[in-house]
Amino acid sequence: MNQNNPRLGWLFTSPYLIYSLVFFLGPLIWSFYLAFTNWDLIAPTYEFVGFDNFLKALKSPGVQSAFWVTYKFMIVFVPLVIVMSMAVAVLVHGLPKFRSVFLIGFFLPYLSSGVVSSLIVKGFLSYNSPLNETLRRLGVDINWLGSPWAALLVVGAIMAWKFTGYYALILTSGLAGIDKEVYEAAAIDGVSNRQRFWKITLPLMYPAIYTTLILAFGVTFGIFTEVYQLTGGGPNYATNTWQMEIFSQAFKNLQAGYASAIALLASLATFISIFIIRKLLEVWGKRNGWV
Amino acid sequence: MVGSNRNRKIRLSVRYAIAVVLLLVMVYPYLYMVLNSLADWSQVDRKLIPDAFTLKSYQWLFLGGETGVTRPWIGSFLNSIVVSLLSTALMMAFGVMVAYALSKLRFRGRDTVNNFILFHMFFPAIILLIPSFLIVQKLGWYDTYWALIIPKGVSLWAVFMYTNFFKAVPDAFIEAAKLDGARDFQILYKIMLPMSKSITSVIFLFLLMERWTELLWDMIMVRSDHMLTLNVLLSQMFGPYGTYPGPLYAGSVLLSLPIIILFILFGKKFQEGMQFTLK
Chain F
1 MNQNNPRLGW
11 LFTSPYLIYS
21 LVFFLGPLIW
31 SFYLAFTNWD
41 LIAPTYEFVG
51 FDNFLKALKS
61 PGVQSAFWVT
71 YKFMIVFVPL
81 VIVMSMAVAV
91 LVHGLPKFRS
101 VFLIGFFLPY
111 LSSGVVSSLI
121 VKGFLSYNSP
131 LNETLRRLGV
141 DINWLGSPWA
151 ALLVVGAIMA
161 WKFTGYYALI
171 LTSGLAGIDK
181 EVYEAAAIDG
191 VSNRQRFWKI
201 TLPLMYPAIY
211 TTLILAFGVT
221 FGIFTEVYQL
231 TGGGPNYATN
241 TWQMEIFSQA
251 FKNLQAGYAS
261 AIALLASLAT
271 FISIFIIRKL
281 LEVWGKRNGW
291 V
Chain G
1 MVGSNRNRKI
11 RLSVRYAIAV
21 VLLLVMVYPY
31 LYMVLNSLAD
41 WSQVDRKLIP
51 DAFTLKSYQW
61 LFLGGETGVT
71 RPWIGSFLNS
81 IVVSLLSTAL
91 MMAFGVMVAY
101 ALSKLRFRGR
111 DTVNNFILFH
121 MFFPAIILLI
131 PSFLIVQKLG
141 WYDTYWALII
151 PKGVSLWAVF
161 MYTNFFKAVP
171 DAFIEAAKLD
181 GARDFQILYK
191 IMLPMSKSIT
201 SVIFLFLLME
211 RWTELLWDMI
221 MVRSDHMLTL
231 NVLLSQMFGP
241 YGTYPGPLYA
251 GSVLLSLPII
261 ILFILFGKKF
271 QEGMQFTLK
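These protein sequences, in sequence, are chains F and G. Quick note on UniProt numbering: the first sequence kicks off at 1 and runs consecutively. Quick note on UniProt numbering: the second sequence kicks off at 1 and runs consecutively.
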C-alpha cells in the first residue's frame, strides 16, 4: 500500500464529495422536506401539511397503479428476458467460431435509445402496418397500445429486446466458467441432456443467473422512456410506472410537494421489494445447494 | 466414426442457421428503421421491406419540408455530441481520480468515503429528481448546458468499476514507480490508465450510451428549442409531427448511427473489458 497521503486522498475524492453534497445529500434532505409541504413549484409561499400528501397518494389511482404496474412488468419482463438471454447464451456458447461476432450483434439493441425503439414499435404496430393488416386478414384485430395487457406486453417486450444481449453476455461468461471435464464425466455416466441442464449447467451458473435476475428485477423499478413515449402511462393507468407518475405529478401538474411524497413511497416500495427478491433468490439457491 | 462426424457437422450448421436467424430477428428493428427512413413516403410503415426508395425524409430533416417547418436538427445533434462527450469525460476523469484515491492512497476517512458511496448507490435516483431540478434552478443553470453536463458529471458506477480494477493492480508497480521519482498524477496517467485500456473502453461506451439516450433529465432541464438534445427533439416530434413518419425514422437513424459505429469500432476492446467487468 502507498504511504499515507491525506492531502492527495482528499484532493482526489473532492470531486465526488462536492458532487454528493450538492446533488445527493442536499436533494435527499430537501426531498423529505418537500414531501410535507403543498408547494406547487411556482408559488413563492407554501404550507406544511403534515402527512396529507402521503395519505392522498395512498388513495390515488395513479399511485396505486404505479405500485402494481411494477410487479406486472416483472411478470412480463423478467421471464421473457431470462429465457431469451439464456437461449442466446446457450446457442452462442455452442458455436466454435464467430462467437464474439454474434455476441456483439446481439448486444446492439442495448445501445438503442428508448425513444427510437418506441418510435419503431409505434410504427410497426400502427393501424395500417403490415403486421396488423395480416392479423386482421386472419380475423384478429388488436389495439396494441389501447388495451391494458397488450400495452404491458409491448413495453415489456421492448425492454426484453433491449436487455437480452447484455444479459446473454453475463450468462455466457458464466457458461465459459464451467469446466468441460464436468460435462465429459457426465457424458460417460450417461447423463441425459435434460438432466445435464438441470443438474450441472443450472447449479454451476447460479451466480451468473443471480446477477442477471437482480439486474432484471431492478430494471422494472426504473421504466420511464418507453412508457412515456408509447402510452403515457395508459390506457387507464395500465402502464403507469412510478417514474411516470412522479414525472406527471411534478412537471405536468406542478405538484412538487405531492410528487416528492410519491417519490419517497416509490423508494420505500423499491427498497422493500428488492430486499425480498434478494432474500428469495438466496433461499432458492441455498435450498438447491447451489450456493 | 465418419457418420458421427457428419452428424456433428449437420448439427453445427443447424446451430449456426438458428443463430443467424435469431440475430436477424433481433436486429430487424434497426433494419426496419433504416429501410423506412429511405422508403417512399407512401410505403412507410406499410411494408415489411419497402421497394420504392427516396431521400425525401433526410431532405425534410435537414432542409425542412413543404410546410416550411424546420427544426433545429443539426443543432440538437451537436448539442447531443457536446453534452454527451463532456459529461462522459467528466464521469471518466472523476471516476479515475476517486477510484485511485480509494484503492491506492491511504488517508484517514477513506473507509468513511467508501461506505458513503455504498450508501449513495443504494438510493434510487428518482427520489432526487425534483430537488435536483430545484437546485439546478437555484444555481441559475436551468436551460443551459451546465444543467445537462455538471449534474451528470459523476458516475458512481464508474468509480466502483475503476476501484475494483485498480485494487487488482499490484502495489509493487506503484512502489517501483515511486522509487523512480514518479508522482501520483504521473502514476495515474503513466501506469494505471494504460493498464486499464480495455475496462476504460467498456466504461466509456456504457456511460456515453447512457448519456446519449437520456430522456427524462434532458427533457426537464431545458426549455428552449436550441438547447434540446437530439433524443428529446425526436421524442417531441412524436406528437405534432406524427404525420411525418418518414422523417421520424431518418431522425432515429441520425440518433442511433453514431453510437453503433462507435461500438463496432471499439468492439474488440469492449469484449476484452467485459471479461473483467463480469467477474
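What the hints contain is simulated information worked out from the structure, not anything from laboratory work. Only a predicted model underlies this, so the values are computations on that prediction, with no experimental measurement involved. All C-beta atoms in this analysis are idealised placements derived from N, C-alpha and C, irrespective of residue type, glycine included. Incorrect hints may appear among the rest.
Claimed, not checked - Derived, one-sided and incomplete: chain G residues facing chain F with beta-carbon distance under 8 Å: (1) S4; (2) I127; (3) G153.
Consistency of the hints with the structure:
no.	hint	result
1	S4	violated, 13 Å
2	I127	holds, 5 Å
3	G153	holds, 7 Å
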